[in-house]
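Undergrad: Chains as they are written, first to last, in this note's numbering: chain A, -5 to 377; chain B, -5 to 377; chain C, -5 to 377.
Please note: incorrect hints may appear among the correct ones.
Given that identical chains are not distinguished, each listed pair holds provided it fits within a single copy or across any two copies.
[To be verified] Restricting the straight-line Cα-Cα distance to at most 35 Å, the calculated cross-link-like pairs of lysine-lysine (DSBU-like) are:
1. K247 - K357
2. K116 - K3
3. K55 - K365
4. K78 - K3
5. K178 - K78
6. K54 - K3
Read the hints as simulated data drawn from the structure, not as lab findings. For clarity, every value in this text was computed on a predicted model and none was experimentally measured.
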Amino acid sequence: MNKTHPFLKSLLTLATLFLFAGIVGAAELDQVVDVQKYNRAIHIMAMLLAGFGFLMVFVKKYGRSAITATYLLVSVAIPLYILKDSFGVLGGSGSEIDSLILAEFAAASLLICAGAPLGRLKMGQYILLGLLFIPCYAFNEWLLLGNGFGLIPSGAFIDTGGSIVIHAFGALFGLGVIMTMTTKKEIDLPVEADFTSDRFSLLGSMILWLFWPSFCAALVAPGLVPHTAINVILALSGATIATYFASIYLRGKISAADIANAALAGGVAIGSACDVASFLQAFIVGILAGALSTFGFAVLQSRVESLIKGVDTCGVMNLHGLPGLLGGISAIFIVDGLSKGSQMLGIAMTIIVAVATGFIVGKIIAMLGRKTLPYEDVDEFEL
Amino acid sequence: MNKTHPFLKSLLTLATLFLFAGIVGAAELDQVVDVQKYNRAIHIMAMLLAGFGFLMVFVKKYGRSAITATYLLVSVAIPLYILKDSFGVLGGSGSEIDSLILAEFAAASLLICAGAPLGRLKMGQYILLGLLFIPCYAFNEWLLLGNGFGLIPSGAFIDTGGSIVIHAFGALFGLGVIMTMTTKKEIDLPVEADFTSDRFSLLGSMILWLFWPSFCAALVAPGLVPHTAINVILALSGATIATYFASIYLRGKISAADIANAALAGGVAIGSACDVASFLQAFIVGILAGALSTFGFAVLQSRVESLIKGVDTCGVMNLHGLPGLLGGISAIFIVDGLSKGSQMLGIAMTIIVAVATGFIVGKIIAMLGRKTLPYEDVDEFEL
Amino acid sequence: MNKTHPFLKSLLTLATLFLFAGIVGAAELDQVVDVQKYNRAIHIMAMLLAGFGFLMVFVKKYGRSAITATYLLVSVAIPLYILKDSFGVLGGSGSEIDSLILAEFAAASLLICAGAPLGRLKMGQYILLGLLFIPCYAFNEWLLLGNGFGLIPSGAFIDTGGSIVIHAFGALFGLGVIMTMTTKKEIDLPVEADFTSDRFSLLGSMILWLFWPSFCAALVAPGLVPHTAINVILALSGATIATYFASIYLRGKISAADIANAALAGGVAIGSACDVASFLQAFIVGILAGALSTFGFAVLQSRVESLIKGVDTCGVMNLHGLPGLLGGISAIFIVDGLSKGSQMLGIAMTIIVAVATGFIVGKIIAMLGRKTLPYEDVDEFEL
Chain A
-5 MNKTHPFLKS LLTLATLFLF AGIVGAAELD QVVDVQKYNR AIHIMAMLLA
45 GFGFLMVFVK KYGRSAITAT YLLVSVAIPL YILKDSFGVL GGSGSEIDSL
95 ILAEFAAASL LICAGAPLGR LKMGQYILLG LLFIPCYAFN EWLLLGNGFG
145 LIPSGAFIDT GGSIVIHAFG ALFGLGVIMT MTTKKEIDLP VEADFTSDRF
195 SLLGSMILWL FWPSFCAALV APGLVPHTAI NVILALSGAT IATYFASIYL
245 RGKISAADIA NAALAGGVAI GSACDVASFL QAFIVGILAG ALSTFGFAVL
295 QSRVESLIKG VDTCGVMNLH GLPGLLGGIS AIFIVDGLSK GSQMLGIAMT
345 IIVAVATGFI VGKIIAMLGR KTLPYEDVDE FEL
Chain B
-5 MNKTHPFLKS LLTLATLFLF AGIVGAAELD QVVDVQKYNR AIHIMAMLLA
45 GFGFLMVFVK KYGRSAITAT YLLVSVAIPL YILKDSFGVL GGSGSEIDSL
95 ILAEFAAASL LICAGAPLGR LKMGQYILLG LLFIPCYAFN EWLLLGNGFG
145 LIPSGAFIDT GGSIVIHAFG ALFGLGVIMT MTTKKEIDLP VEADFTSDRF
195 SLLGSMILWL FWPSFCAALV APGLVPHTAI NVILALSGAT IATYFASIYL
245 RGKISAADIA NAALAGGVAI GSACDVASFL QAFIVGILAG ALSTFGFAVL
295 QSRVESLIKG VDTCGVMNLH GLPGLLGGIS AIFIVDGLSK GSQMLGIAMT
345 IIVAVATGFI VGKIIAMLGR KTLPYEDVDE FEL
Chain C
-5 MNKTHPFLKS LLTLATLFLF AGIVGAAELD QVVDVQKYNR AIHIMAMLLA
45 GFGFLMVFVK KYGRSAITAT YLLVSVAIPL YILKDSFGVL GGSGSEIDSL
95 ILAEFAAASL LICAGAPLGR LKMGQYILLG LLFIPCYAFN EWLLLGNGFG
145 LIPSGAFIDT GGSIVIHAFG ALFGLGVIMT MTTKKEIDLP VEADFTSDRF
195 SLLGSMILWL FWPSFCAALV APGLVPHTAI NVILALSGAT IATYFASIYL
245 RGKISAADIA NAALAGGVAI GSACDVASFL QAFIVGILAG ALSTFGFAVL
295 QSRVESLIKG VDTCGVMNLH GLPGLLGGIS AIFIVDGLSK GSQMLGIAMT
345 IIVAVATGFI VGKIIAMLGR KTLPYEDVDE FEL
C-alpha cells in the first residue's frame, strides 16, 4: 500500500488537472462556436446592407435614397430589437450573439417590408416605419416561436431559416402598408430602371445569393451547418435555372429584374426546412420557388396591385411573400413528425398579424404626408 | 485493499467520463473545423458570383448577360458536381463540406472557361457549356489527383490552390472552345468597355483578390491556413505592383483592364505551392506572374487570336492560362522532394485533355447557332 | 497488490493517452482560434480594397485611379510591414496571423492618409507615399503600444480598435502631407461627384460599415468577440441616425457624402474602448461621433482648408481625425482604472509624430512633380 499511495495520488492530481483542462477546453470550444455564429452574423449584415440595399437601387433616380433608407432601417431595427431582448420583453435569447442574429433577422424582415412602399416614403417615414414594425415583428415571432399565449407549443412550429417568420411576415406587412397609403398619382407612375441601376441591383442580388447559406444556418448546430449550406445552395441553384426558363417562357425575353429577384426565391422557400431537407428535396423546392416567383413578377403583380390599389415597388410579394408561404407549407411534407396543425396555425396567424398591423402602421405613416417626387432623390438630397 | 478499491473505482469512472468527454470534444472540434471550411466555401462563392461575375461586366453593353450567365453557370456546375460526387463517380470526397468546395472549384474553372467565348453565346448555350464542361473537368481532376488509370500516384501531383487543375484547365478548355466557334464577323468586332463598366469590373477584381486566400486555403489543415493566406496575399501584392510597372512599360499608359486582371495572376500562380512556399518565394512568384500576365494582355493576345482564329473575350489565357502553367511548374522548384516527372506529366495531360475536350464541346455548342448581336444584351433581354 | 497493479497500469496508460490527447486538443484549439482571426483578417481585407477603394470612387472622373491607387497602397504596405515584423524591428508580433492583421491595420492607416491628397498624386507617388508612411506608422505604434523609449508602459495605452493608432494617425499624417503640397490651382478646383460615382461610394461605405466589427474585434479573445461586435454595430447605428439628422439640420437637405462618410464615424470612435464599453456607452459614442463628423464635413472642412492651405479630398479629418481623437479620449471615461496620463500622452505624441512626419513626407513627394489634370484618370490611363 505504501508504494501504491503516491501512485494513486499522482493519478488523482492528473485527473483533477484533466477535469480542469476539460472544463476550460469545453468553455473555450463554446466561445469558438459563438465566434462562428458571429461570422455568420457578419455575412447576414452583408446581406442587409450591400444585399438588400443595392437590390433596391434598381429604381433609376432613387439610388441615394434607397441606400440611405437601408442604412436608417438597419440602424433603427438592430438597436431596438437588442434593447427589447435585453429586457426580456416577448421572450429573450440566451446569449449576446444569438440576440444579435435575431436582431438581424428582424432587420431583414423590415427591409423586405420597406421594399413595398419604396420610393414613396420620405426619409423620416422609413425611421418611423422601423420603430413601428419591430414591435409587431417581435410579437409575431413570440406567438410562433416563443409559445406566446400558449397557442403553439415550443418547437412545434418549424422555420429554421425564417420562410414564414421573416420573409412572409415582412412581405405581408408591406402589403398592408401599401394598401392604405398608395395615392392614385403614384399608381399611374411607372417605376423605372436603367442599365446602370440594373447592374447595381444585380450586384445586390448576388450578395444576397452568396451569403444566404449563412442566413439559414445562422443558429443551427455546428454539425448541421454543411448540410444546411448545401441545401440552400441547391435551392438557390434550382430557383436560378427555373427563373431563366420561366422568364423566357412568360415574357419572350429575359427580364433582368426576374433574374435579380426570383433567383433568390429558392433561398426564401428552403428556409423553413433548410436543415432537414434532403439535397433532392432542396433542389425541387428551389425550382418550384423560382418558377412561382417569376410567375408572380410576370403575371400576378399587376393584377394584385389593381386589386389592392397599392404599388409594390420591389415586388416583395413575389420574392418573399409567395415563396415564403410555399416554404412554410413545404415543411409539412419534408419534416418527419411535424404537427400539421401547429405549422398551419402559425402560417395563418402570421398572415393575419402581418396584414393587420401593416395596415394600421401604413395609416399612421400616411399622416406624415408624402414625397413630392416619388422615386426620385431630388426632393430630399443635395445633388 | 478495501480502502483503495472505491478510490480506484472513482478514478475509473472519472477516466471513463474523460474518455467520453474527449471523444465528444474531438467530434465537436472536427465539426468546428468543418464550419471553418464552410466559411471559406462562402468566400469562394463570393468570388464565383460577385468576383468573376462583375469582372466580366467590363463589356459595356453586355452587363445583364454577363451576370445572368454567371448565375446560370454556377447553378448548373455546383449541383451537377455534387451529384457526381454523391455517386462516387471519378472518385468521391470524404465529407459534405469537401464536396461543396470541390464543386465550387469546378464552377470556378467553368467560369474561367466561359470568359473566352463570353458575349458570343446565347444564354442557353452557357447552360449547355456547363453541362458538358463539368464531366471533362472531373475527368482531368481524377487523372491528376485521384490516381485515374493509375497514371499519377496519389499525392504525387501538387496543386493545392489549383493553378493547373482549375485555372490552366479552364483557360485551355476555353481556348479549345473559341478555336472552333469564333466567326469572321466576330473577329472583326472590337470588345469595348466604358468608364462605368470598368469600375464594375474593378470591383469584381477586388472581390476576387481579397477572397483569394480562402480559395487557396480552402482545404488545407487549420495549422497551415495563416501561412497559406499570407503567401497568397504576398503573391497578389507582388503581381499588383508588377502589373502597374509592366502596363506603363509596355503601353506607355496604365490600362485599367491590366490592373483588373493581371493583378490577380499572383493568386493564380501561387496556387500549386501556396501552402509550402516561403514568403519570399511567394512574393517572387507573384511578381513573375503579374509581369507575364500583363505581357500576355499587352503583347501576346492579338497574336494568339490571329493564330488560332478565335477571340478570347476576357483574355483568360493571359490571366489563368499562362500564370497557371507558371504556377504548376514553379512547384518543382519550391516543393522539396516533388517528383518532377509526375508534376510535368500532370501538366502535359491537362493541356491535352483541356484543349481536346474544349474543341469538341465548342463544335457541339456551335450547332445551336449564334447570337445575332455579339457583346450586347439587347437580343435576349427586355430593356 | 497483484490484482491492482494491472488496474493501475491501465489507468496510467489511459491518463497518458488523455494527456497526449489534451495537448493535441489544446494545440488544435489554438489553431482553430487562429483560423478565426484569419476570417477577420479577410473581412479587414474587404474593407481595405472594396471598402476604402470604392468609398474613394466618389470623385467622378477619377474612379480607375482611385481603385488602382488602393491596390498599390495595399500591395506596398502589407509586404513592407510583414518584412519589418519578421525582422522584429520596432517590436514583433507573436504569430503569423497577428503579423498579417497588424499589417492590415497599417495599410488601413495608409489608405486613410492617402484620402487627403487623393486625386493630386501621380500613381508612382502613391507607391512612394506607402514606402515612407509605413516606417512612420510603425514608429508611432511602437511608441504607444510597444513601450518605445519606455515612455508609455505596456498596456497603459488603450486602443483596441485603433481610434488613435490607426485612424487619427492616418488622418493627421494626411493633413501634414496636404499642408505642404497643395498648389493654388488645386485649391480653386472643385472636387466633383456624380450620381454613379455616389452610388459606388455608398457601396464602399456599406462594405466598411458591415465588416467594421471584425476590424475592432480582430485581435480580441474569442470570449469577447460577440460583445465587441455588438458595441461596434450599436456605435455605427448611432452614428448613422445622428448623421441623417445632422445633415438635414446643417444643410437643409441630405448630403450623400455625409451619409457615406459620417455614418462610419461611430466605428472610428468606438475603436479605443470597443471591447469594454457597455451597449449604452457604445450607442452614445456613436451618436456623438456621427454628429461631430457631419459637423466637420458641413461646417469645419472649408475653414480648415483655408487655414492650412491644403485640400482634404476625402475629408479624412472629419471621418477619421476628429472621431478618432474623440474615441481615444472617450476611453478615459469608459475604461475603469485607465491611466489618464498615459492615454493623453499617447494621443499627444500621435498628433505630433503624425503631423511632423506627414509634413516631411509631403515635401519629399512634392519633389516628384504633380499630376497635370487633378482628379482625372485621363493623363495616366488608357481610356
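Undergrad: Is it within a copy, between copies, both, or neither that the alpha carbon of K54 lies no farther than 35 Å from that of K3?
TA: neither (78 Å within a copy, 76 Å between copies)
Undergrad: At 35 Å max between alpha carbons, let me know whether K247 reaches K357 within a copy, between copies, both or neither.
TA: between (39 Å within a copy, 26 Å between copies)
Undergrad: Using 35 Å as the alpha carbon limit, work out where K116 and K3 are close: within a copy, between copies, both or neither.
TA: neither (75 Å within a copy, 74 Å between copies)
Undergrad: If the cut is 35 Å between Cα atoms, do K55 and K365 qualify within a copy, between copies, both or neither?
TA: So K55 and K365 pass the 35 Å test inside a copy (14 Å) and across (32 Å) alike.
Undergrad: Please sort K78 with K3 into within, between, both or neither, judging by C-alpha distance up to 35 Å.
TA: neither (52 Å within a copy, 50 Å between copies)
Undergrad: Pop the pair K178 and K78 into one bin, within, between, both or neither, using alpha-carbon distances up to 35 Å.
TA: Result: close neither inside a copy nor across copies, 38 Å intra and 55 Å inter.
Violated hints, in rising order: 2, 4, 5 and 6; the structure is consistent with all others.
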